[in-house]
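*Asks:* Starting from the given sequences, assemble the full structure and let the hints guide the process.
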Amino acid sequence: MSTLPPCPKCASEYTYEDGTQLICPECAHEWSASGDVQEASDNEVKKDSVGNVLQDGDTVTVIKDLKVKGSSLVVKVGTKVKNIRLCDGDHDIDCKIDGIGAMKLKSEFVRKV
1 MSTLPPCPKC ASEYTYEDGT QLICPECAHE WSASGDVQEA SDNEVKKDSV GNVLQDGDTV
61 TVIKDLKVKG SSLVVKVGTK VKNIRLCDGD HDIDCKIDGI GAMKLKSEFV RKV
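Counting in UniProt numbering, the sequence shown tops out at residue 113, every number present.
Any given hint could turn out to be false.
Think about it this way: if two alpha-carbon atoms lie no more than 27 Å apart in a straight line, the pair counts; the simulated DSS-like pairs of lysine-lysine are [unchecked claim]:
1. 9 with 64
2. 64 with 76
3. 67 with 106
4. 76 with 9
5. 47 with 106
6. 67 with 47
7. 46 with 82
8. 46 with 64
9. 76 with 47
10. 80 with 112
11. 67 with 9
12. 96 with 106
13. 112 with 67
14. 9 with 69
So the derived label-pair ranges between C-beta atoms look like this [as the list claims (entries may be wrong)]:
15. 98 with 45: 27 to 37 Å
16. 73 with 108: 30 to 40 Å
17. 94 with 72: 18 to 28 Å
To be clear, the hints were calculated from the coordinates, so they are not data collected in a lab. Every residue, glycine too, gets a C-beta built ideally from N, C-alpha and C.
*Replies:* Dropping the structure here:
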């Protein structure tokens, strides 16, 4: 029987120890075994290129021409993107752009309207 605490992110009981870290195999969340529970990354604040705080549902504009990987399309400067969704990762904005479709953007290349 395991005496390790459950995962603070998904409450899975299948956690395991790796050195000084505890790891959840179901959601891949890692935290310190010393008892210092860190805040989940859901509370992380995302900011645009000028420092405005972004939230789900905001409207932003693109501040730089962005090439779409794998095609010859370009997202032009000033393109307005409505109803964004924030997500984790390097590209932290999930959105749909008219004429291009669904794609992910980096928050450093947009400005809140």
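*Asks:* Evaluate each hint against the coordinates.
*Replies:* Hint-by-hint comparison with the structure:
Of the supplied pair hints, the one linking residue 9 and residue 64 is violated, its CA atoms being roughly 36 Å apart against a limit of 27 Å. This hinted pair checks out: residue 64 and residue 76 have alpha carbons roughly 7 Å apart, not beyond 27 Å. For the hint pairing residue 67 with residue 106, the CA-to-CA distance comes to about 13 Å; that is within 27 Å, so the pair holds. Restraint check: the Cα-Cα separation between residue 76 and residue 9 comes to about 38 Å, which exceeds 27 Å; the hinted pair is violated.
Distance check on the hinted pair: residue 47 and residue 106 sit about 10 Å apart at the alpha-carbon level, within 27 Å; holds. Annotation: proposed proximity of residue 67 to residue 47 holds, straight-line Cα distance about 22 Å (limit 27 Å). Taking the CA atoms of residue 46 and residue 82, the gap is about 17 Å. The hint holds against a cut of 27 Å. Proposed proximity of residue 46 and residue 64 is supported: the alpha carbons are some 19 Å apart, at most 27 Å.
For the suggested pair residue 76 and residue 47, the alpha carbons sit about 21 Å apart, so the restraint of at most 27 Å is met. Taken as a hint, the residue 80 and residue 112 pair is honoured in the structure, with Cα atoms around 10 Å apart against an allowance of 27 Å. As the CA atoms of residue 67 and residue 9 are separated by approximately 36 Å, the hinted pair breaks the 27 Å bound. Taking the CA atoms of residue 96 and residue 106, the gap is about 14 Å. The hint holds against a cut of 27 Å.
A C-alpha spacing of about 20 Å is found between residue 112 and residue 67, which places the hinted pair at or below 27 Å, so the restraint holds. Restraint check for residue 9 and residue 69: not satisfied, since their Cα atoms lie roughly 33 Å apart, outside the 27 Å limit. Evaluation of the 27 to 37 Å hint for residue 98 and residue 45 yields a pass: the beta carbon distance comes to about 28 Å. At roughly 20 Å, the beta carbons of residue 73 and residue 108 sit outside the given window of 30 to 40 Å.
Range check, residue 94 to residue 72: about 23 Å between beta-carbon atoms, so the 18 to 28 Å window is met.
Going through the hint list in order, the structure does not satisfy hints 1, 4, 11, 14 and 16.
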